Structures are given as C-alpha cells and as structure tokens.
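Protein chains in written order, with the numbering used here: chain A, 1 to 346; chain B, 1 to 75.
For the record, the hints were derived by calculation from the structure and aren't laboratory data.
The structure presented is a predicted model; accordingly, all values stated were derived computationally and were not measured.
Just to be clear, a hint being listed does not mean it is correct.
Claimed, not checked - Listed below are the simulated BS3-like cross-link pairs for lysine-lysine, each with C-alpha atoms no more than 25 Å apart in a straight line:
| id | chain 1 | residue 1 | chain 2 | residue 2 |
| --- | --- | --- | --- | --- |
| 1 | B | Lys8 | A | Lys146 |
| 2 | B | Lys8 | A | Lys281 |
| 3 | B | Lys31 | A | Lys191 |
| 4 | A | Lys103 | A | Lys281 |
| 5 | A | Lys247 | B | Lys8 |
| 6 | A | Lys11 | A | Lys247 |
| 7 | A | Lys226 | A | Lys148 |
| 8 | A | Lys43 | A | Lys226 |
| 9 | A | Lys146 | B | Lys34 |
| 10 | A | Lys298 | B | Lys11 |
| 11 | A | Lys73 | A | Lys150 |
| 12 | B | Lys11 | A | Lys247 |
| 13 | A | Lys228 | A | Lys11 |
| 14 | A | Lys277 | B | Lys31 |
| 15 | A | Lys89 | A | Lys320 |
| 16 | B | Lys53 | A | Lys2 |
| 17 | B | Lys18 | A | Lys191 |
| 18 | A | Lys148 | A | Lys2 |
| 19 | A | Lys150 | B | Lys31 |
| 20 | A | Lys43 | A | Lys71 |
| 21 | A | Lys73 | A | Lys96 |
| 22 | A | Lys96 | A | Lys84 |
| 23 | A | Lys247 | B | Lys53 |
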Amino acid sequence: MKLEQVIKALKEYDGEPVKIMEVCGTHTKSIFQSGIRTIISPKIQLISGPGCPVCVTSPAYIDHLTDLSLKEKYCVLTFGDMMKVKGTKLSLTEAKAMGAQVKVLYSPLAAIAEAERNLDTQYVFAAVGFETTTPIYALLLDEIRKRKIKNLKLATSIKTILPALSFICENETSIDAFLSPGHVSVITGSKIYKGLASTYHKPFVVAGFEGEHILAAIYEIMSQLKGKRYEVRNLYSNAVTEEGNQKAERLINQYFEEANGIWRGIGMIEQSALKLKEEYKEYDAGSREEEIIEELPKGCRCADVILGRIQPVECPLFQKVCTPLHAVGPCMVSAEGACGIWYQNS
Amino acid sequence: MCVAVPGKIVKINGDYAKVNVMENLTDVNIKLVKADIGDYVLIHAGCAIEVLKEEVAKEIMDLFLELQEVLEDET
Ligand code: SF4
Numbered sequence: 001m002k003l004e005q006v007i008k009a010l011k012e013y014d015g016e017p018v019k020i021m022e023v024c025g026t027h028t029k030s031i032f033q034s035g036i037r038t039i040i041s042p043k044i045q046l047i048s049g050p051g052c053p054v055c056v057t058s059p060a061y062i063d064h065l066t067d068l069s070l071k072e073k074y075c076v077l078t079f080g081d082m083m084k085v086k087g088t089k090l091s092l093t094e095a096k097a098m099g100a101q102v103k104v105l106y107s108p109l110a111a112i113a114e115a116e117r118n119l120d121t122q123y124v125f126a127a128v129g130f131e132t133t134t135p136i137y138a139l140l141l142d143e144i145r146k147r148k149i150k151n152l153k154l155a156t157s158i159k160t161i162l163p164a165l166s167f168i169c170e171n172e173t174s175i176d177a178f179l180s181p182g183h184v185s186v187i188t189g190s191k192i193y194k195g196l197a198s199t200y201h202k203p204f205v206v207a208g209f210e211g212e213h214i215l216a217a218i219y220e221i222m223s224q225l226k227g228k229r230y231e232v233r234n235l236y237s238n239a240v241t242e243e244g245n246q247k248a249e250r251l252i253n254q255y256f257e258e259a260n261g262i263w264r265g266i267g268m269i270e271q272s273a274l275k276l277k278e279e280y281k282e283y284d285a286g287s288r289e290e291e292i293i294e295e296l297p298k299g300c301r302c303a304d305v306i307l308g309r310i311q312p313v314e315c316p317l318f319q320k321v322c323t324p325l326h327a328v329g330p331c332m333v334s335a336e337g338a339c340g341i342w343y344q345n346s
Numbered sequence: 001m002c003v004a005v006p007g008k009i010v011k012i013n014g015d016y017a018k019v020n021v022m023e024n025l026t027d028v029n030i031k032l033v034k035a036d037i038g039d040y041v042l043i044h045a046g047c048a049i050e051v052l053k054e055e056v057a058k059e060i061m062d063l064f065l066e067l068q069e070v071l072e073d074e075t
C-alpha cells in the first residue's frame, strides 16, 4: 500500500464518526505540525489524552516542592516543564523569585554532579514522569548508592499509563480507539495494551512520531474498526518490541512499587503511581500524592480535556483568559499539554 | 515530557557514549541498553532507552507495505 492511497482513503472516509485518542502529548504536537487533521475526513476525530505527566501532577505535590525549595540549604532540581505549574500557593518559578533554590536540569543524572559539588546543600530531584522516565530515576538511585551520596533525594510523582487508560476505557465509552504512546511503549512493550484491547473492544496501535507513522496508525485503526477487529498492533517496531526494555523494567521493579496516584482534574486512580520501596526510604524526600485532592482553578476544564471529552478550544477560557503566559490550568503550562499545543498551533 | 530523539553512537566509554544527535555530539548514559559503536539509539533525558533497529526512512517504507487495503471499498 502507498502513502497516497492511505491519505486518499482517510480523506474520503464517510462511515460512522470515529473518535481516536492520542494518549501522548508528543503525538498531539506532531499531528498539528504535520497538518494531519486538515487532510483526513472530519468524521475521524483525533483527541488528546492524559499523556502529559506535568499536566496531571497534583497541586499538593507542587506545594511540597515549593515548600522544600524555600527551606534553608535545600535546592529543588527539576525538568523545565515543571517550573510554571501552580500548586495551591506557588509555582517553582514564583518560589525562585522569592529566593528559593530551584535549578532546571535536562537529565536526572546531572543531579549527581550538583550534589557532589555542594555537599552542604540538600538536593531534591522532582521525579515526575511516566514509564519512559522512571528507569532513569532508577539509574540515578543506582548511582547515588554507588557513590554513597548523602545529599540527594527524590520527591516522586511517577505515574503509569495503563491504569489511566483503563479508567478512560471504563468511563469514556465514546472513544473508539487509541494511538498508544510510543516512548512509554519502548519501555513497557506493546504487550501491556492487550488486556484492554480485548476487554473493551478497542484497537490499540503503537506508532512513531513522524506524520507518516501517525497516518499509517490511523489507517490501521480504521481498518480494524471496519473489520471489527480489536487488536494491539505495533507500527513502531523500529524502537518498540512486544516485551519492552526488560533491563529498564527490572530496574524500575527493584526500586519502585505500585501505589494509588492522584491525577490532577481526575482524582485518584488506583495503583496508577509508583513510589520508592520502603527499603529505599532514605532516598525519598516525600510524595504527597495520596493526601489531598483539590479542584482545578475555577473555570478550567483540564479534566475534560485530559479525558477526551472536549477539545481545548471548547473551554470558554481558552485563548481569552488562559494563554501560555497567563496559564489558568496545567494543560496550558506544559509544552506537551493539549491546551498549550493547540494554542501554539492555532 | 516523554520526548526522545535518535542519535548514532560514535564512541563508548564505560556507561557513557558520545552520540551524534543531529550533528551535535552529546554524552549519553547507555546503561539501559546493549549498544555498540555505530548503533542508532533513542535518547530520553540523557539516557539511551532503546537501540533502534533500522534507519527511520527504511522503517516508514516497510510500514506502508505492511498495511492491508481494506478501507477503500467501503466509502
Ligand atoms: S484552556 Fe486553560 S483553563 Fe481551559 S482547560 Fe485548558 S488549561 Fe484549563
């Protein structure tokens, strides 16, 4: 089959309307950049899912980070995306403006050099992410232990994607199929979607991030739906295997165990978080994941956006009150958040 | 946040490799993968998370060969 034939078929599709959720923010971005929405039939709707770890981070966790950053001789290390997300009081950017020590790193492993350079500062890495990033936190812990570093800990808000997808399958029945997150699948393997595909009768297609990858995946989803097949199909076999990266999985299992997770806007999803095992608690700077569930800022519809009930433009605050410079909700703050991506591309 | 980019390993030194990412040489931790010089790896947050099997261009060609023609007759 040729690309042109795929595009033609998707453009001319005139059957039942179909809703496909792209779980991962990087897919949302790529769908915009490649203009896919404009070349396929309006009957095929692509909606964003919960796949931006920053957007689903609970305000209580951000509060915990800002509190730590303001403590004497403490320094919070974080990915840049987290800087502008608000807790109930402050964001890390605002805490920094008040004199807190906050530093942006591109890799958790860069925290080692920081900690070894300033022995009298207690460093805390804001360990946020999905399965893609978790093995890197495990590597960091390996290194901390090997080098006997005493002044570096993790404050975790680590989530796993499968329980969230299961929650969506159970509660959002209008979604017909899923474009599985490519880089999460690199670690977990494509096998993890099998149960959901057969229980809920939804195609799960793992795809890469080029426009062509995504078109092929949409085509595969449409053909599965037409043939009433509900399977896991891996179209990113260049990087994703059925079993995933087993070494990474082993490391994750060595250090972390399942816990209930709080998803901003959604609430608690059982066993959807990973926290440090009891035996490694000396490296744990605390996680307030399970403690508080707050509401979203007034008027913000991030929860509906994350669950695929509305597109960002349908939020009354979108672009009017809520912009990346004055973000109301976390979906607008993060570069991978659905509202932010829609704003940048509209 | 789960962004990852491909790069080619040019040198290996223990747990780290020098990787060519879009003509820039970067240090990447390779402990999560079994990689050799010349391999393409997928890099996320300073770590290689998988060895890529083929070059991307070839994979996209194969991808289209794999798709079945089933949609067209319906519409
Ligand atoms: S546009 Fe702003 S206020 Fe509306 S859902 Fe998105 S982040 Fe929330």
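Against the structure, the hints come out as follows:
| no. | hint | in the structure |
| --- | --- | --- |
| 1 | B/Lys8 / A/Lys146 | violated (28 Å) |
| 2 | B/Lys8 / A/Lys281 | violated (37 Å) |
| 3 | B/Lys31 / A/Lys191 | holds (23 Å) |
| 4 | A/Lys103 / A/Lys281 | holds (23 Å) |
| 5 | A/Lys247 / B/Lys8 | holds (21 Å) |
| 6 | A/Lys11 / A/Lys247 | violated (42 Å) |
| 7 | A/Lys226 / A/Lys148 | violated (57 Å) |
| 8 | A/Lys43 / A/Lys226 | holds (14 Å) |
| 9 | A/Lys146 / B/Lys34 | holds (21 Å) |
| 10 | A/Lys298 / B/Lys11 | violated (53 Å) |
| 11 | A/Lys73 / A/Lys150 | holds (14 Å) |
| 12 | B/Lys11 / A/Lys247 | holds (22 Å) |
| 13 | A/Lys228 / A/Lys11 | holds (21 Å) |
| 14 | A/Lys277 / B/Lys31 | holds (22 Å) |
| 15 | A/Lys89 / A/Lys320 | holds (23 Å) |
| 16 | B/Lys53 / A/Lys2 | holds (22 Å) |
| 17 | B/Lys18 / A/Lys191 | violated (32 Å) |
| 18 | A/Lys148 / A/Lys2 | violated (56 Å) |
| 19 | A/Lys150 / B/Lys31 | holds (23 Å) |
| 20 | A/Lys43 / A/Lys71 | violated (53 Å) |
| 21 | A/Lys73 / A/Lys96 | holds (14 Å) |
| 22 | A/Lys96 / A/Lys84 | holds (11 Å) |
| 23 | A/Lys247 / B/Lys53 | holds (17 Å) |
Comparing the model with each numbered hint stated earlier shows that hints 1, 2, 6, 7, 10, 17, 18, 20 do not hold.
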